[in-house]
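Chemist: Chains as they are written, first to last, in this note's numbering: chain G, 1 to 337; chain B, 1001 to 1378; chain Y, 2001 to 2279.
The set of hints was computed from the structure by calculation and includes no laboratory data. Careful: at least some of the hints might be erroneous.
Okay, the calculated beta carbon distance ranges per label pair [as the list claims (entries may be wrong)]: (1) Y:PRO2169 to B:ALA1327: 25 to 31 Å; (2) G:ASN170 to Y:PHE2026: 15 to 21 Å; (3) Y:LEU2014 to G:PHE324: 30 to 36 Å; (4) B:HIS1131 to Y:ASN2224: 50 to 56 Å; (5) B:HIS1176 to G:LEU140: 16 to 22 Å; (6) Y:THR2182 to G:ALA238: 26 to 32 Å.
Quantities reported herein were computed from a predicted structural model and do not represent experimental measurements. We put the CB at the ideal spot given by N, CA and C, even for glycine.
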Amino acid sequence: MSTQAVPGDAAADADDARAFAGRPYPDWFKAKGGGRSRLVSWWVPTVMVGLPILVIVCIVIYPTVWMFYHAFQNTNMMSLFTGNWSPVGWANFATVLSSDRFHASLTHLAIYLTFGACLQVLLGTALALILYEFVRSNVLKTVLLILLVLPMMLPPSIVGVLWKFLLQANNGAVNHLFIALGFLDPTQRIEWLDTDLALWSLTMADTWQWTALPLLIVYSGRVSLPPAIYEAARVDGASRWLVMRRLTLPMLREIIAIAFIIRFMDAYKFVDKVYVMTSGGPAQSSELPVFIAFQKGIREFQIGEAAAYAIIIFVFAAILIVLFLQYLKRVLKAQGL
Amino acid sequence: MARLELQGICKGFDEPVLDRITLTVEEGQFFVLVGPSGIGKTTLLRCVAGLERLDAGRVLVDDRDITDLKPYHRNVAMTFESYALYPHLTVFENIASPLKARRTDPAEIKRRVGSVAELLRIDHLLDRRPHEVSGGQKQRTALGRTLVARPDVFLLDEPISHLDAKIRHELRRQFHQLEDLRRVATVYVTHDYAEALSLGDRIAVMGHGGLEQVGTARELFEQPATLFVARHLGQPSINEIACALEGDGDGLMARARGADLRVPVAPRHRQGLAAVNGTPVTLGIRPQHLRVLPPDTTPDGVPGEGGADAGLPVIEARVEIFEALGAIGVLLAEAGGVSLTALTSPDAHFEPGQPVRLGMETGAFHYFSRETGQNLHL
Amino acid sequence: MGETNFRVVRIVLLAFLAVWLLFTLFPLYFMLVTSLKPVEEINRMVPTFWPESFRPGNYAGIFADPGSLKSLIDSLIVSFSNTALSLFLGTLAGYALARWMRGAVGENLAFFILSNRMFPPVAILIPMFFLFDATPWGTDSYISLILLYLVFNMPLATWLMMVFFRDTPRELEEAAYLDGYTPLRAFFKVTLPLVLPGMISVAMLCWIFAWNEYLFANLLTGSNVKTFPVHIPTFTLGSQTLWNLVMAFSLVAMIPPVTLFIILRRYMVRGLSLGVVKG
């Protein structure tokens, strides 16, 4: 309720009676050099972070260094024990990058990531939201949640074995279920673990198990969203679809991204199921890059090559993840978080 | 019971925030720190509390240097703007917290918490959790937590700014009455100037980096040291007019820049201002120093009946807006190209465009340097 | 009109959920059914979806092998120890990173710690073997697995705890300082209770991973220490896998994680969402 007289430059001074914008910084500030001061002595945070890092470093550093070293050698299991290896420069890397087997596995990986990791996140999100929005009774919600999460509670190796058992061509339960349901003739059999389908079966088994994780994460996220906003939307008369699109999904974007990162990080290095379910076969048709590294190292004893594989895979994945994290940061900043 | 002394406090983050601040709060004094949001009031409190390390300067309580003491060793209590109540503890446990920290005996804890809760009238809420009580009750819980600790210094950071007006009034009253508070040096921070004026024994107006002025409410209001202080104290705000001073025979005139308004400088100001003749000044006119005169006054003064209005210079103005606000009436009138706010009785009637005469109590006007904002005749 | 539309949509979506539920439950159902069958029935040409004869004795049969119980105990030892250790270290690092190391240094350290989880375990398999072989306790020991799993669990614990700590307002701790609590006491009185749901969800995630891990356990251990995923393949008769026992044992091994989940699910949900919303 105040009006100023002729604005002129009086208003420019506004509240800056002694604005620092106009004056040079005082000496004590220049001497200080910025930064916050802490309430605890400097060594406390150092130890607190240092201890875990030390543990990791001790456990991981030696193997990492070892691995990097041998990636440049022509080591194999025999020579490992005789101490008889020699440097070969980038040869291992070259071999890996040019091998058809590797290229094939990259294709497999792409398929797996799309229909595995991505699908799991999408499915998990959809299911979580359906469960939350459309199931009325709270008791039922809890019961269903527990049931849906069960696959996560099994060891991946068991899941692999289980699906191998179920997908047997001749006396596997799945085929016979299809027959019983009329999808197949009694004489037909789907060769689930054949060269054509092995990778897909593997992906299916993985999706069966791991959709539960994004489901759990997104469900938890949805539970924690503030109800006030939904009340307001209801009062405004927004349709459910609109609410979903404009309210729920944007707020959950971050959570979904995190679920995706977690799945992605775990997915590209998963090897348990491959090992027990298909052994990468038949005929390497379901091999994933990490599995090849495993094979090379443990089965074929080409340690040097295996090391090179591991490094390439890690670098590749690390780059992707870092890029994704940057993207995520940018998106979040835009949202003002 | 102790005296708080700040000597040359300096603190900065990315920018300097507190620049060599020095002040003393005597035992039992209620010291109010007021200023716009973000200016560093909370930072100052945090420095006294020990939550921020000083870049330079010293803090003394009762002549004891506590600058290097950690907050948990200083005997200072603070309420946070957000109350900072422990959400997982009951009201009782929240208030009892400082006593538990000192490992006080449980019976004693119960007694003291009980008496503080009774004093603050929240004794019926002791079993509730913070999220189960209202804003005002939360604030009283936070206050209770500081009272029970019997500190040397009380620091209160905008304790009632998030409460609605009615509760604010009631709590302000409680502050006046709380003897415990009044016995100890208290620093109270607010951005509400009216509150500051009503509560404080001594008030400091804070500007960028330091204290613009420290004094009693009266001093601050009647003798503002800077335009900043003048501008923020008083409702409605002071009229600010950018002017240039010109000689006019014996006297000085203040002529508004870019407008026709000319205001004679009162004799008592002439000496102080003569020195700055020609330099740009900001003329500050409080709305209560512009009187709306009955229509039959002449241009050069009020005839006969006079009284308080006798001898006042008069200017012609034209009504722009009039607002009747319960106890007062606020008139916005334009004179010589400048919009002026004046206080009137709420019963008056004005039409927009109506001519009106304003008597000016030029003796109470203020002149501030346009450059530094300093009051030129103090 | 909109009402009917909505009903239709609802039915369709619920049907979708139902289909997925069936898909999820079918293998589990078949596990259960298989676990109750006699040996002769499991490898029939046409598998039965309901046992022709029941053998609940299968469950007792698993434990006839003393290795079975031991394997469950071994798994419990490894998973609980590792979870405790991961959580402890993760909380330490997470707190320090959340409170005191917000700048570039902190972020880089955090990323460094997290990146360890991205490591393909395969890559370090062989050198790990040599590493532990050289230690006094050897590869086939509890310690080797407990330490090894740290490589994956500790980064996760650190990252999540860091996020949870960031969520608890500093002011509460500051209020505690002013009350007279030292940072350590303030941590236990104020911070820890607030972060407990998060801690529980972290603990569960770490625990499940340690409980279910197969690859390393298989390659490093086998006799002194045998976790249950390693023990399961031993249910063979000659060259034939005794699926009924395998299934039975797997279901038994599911009981601890499922039970923990049922008990702790509120904490998990609250914890996961707390951390992840601000993640």
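Chemist: Of the hints stated earlier, which fail here?
Modeler: 1, 5 and 6
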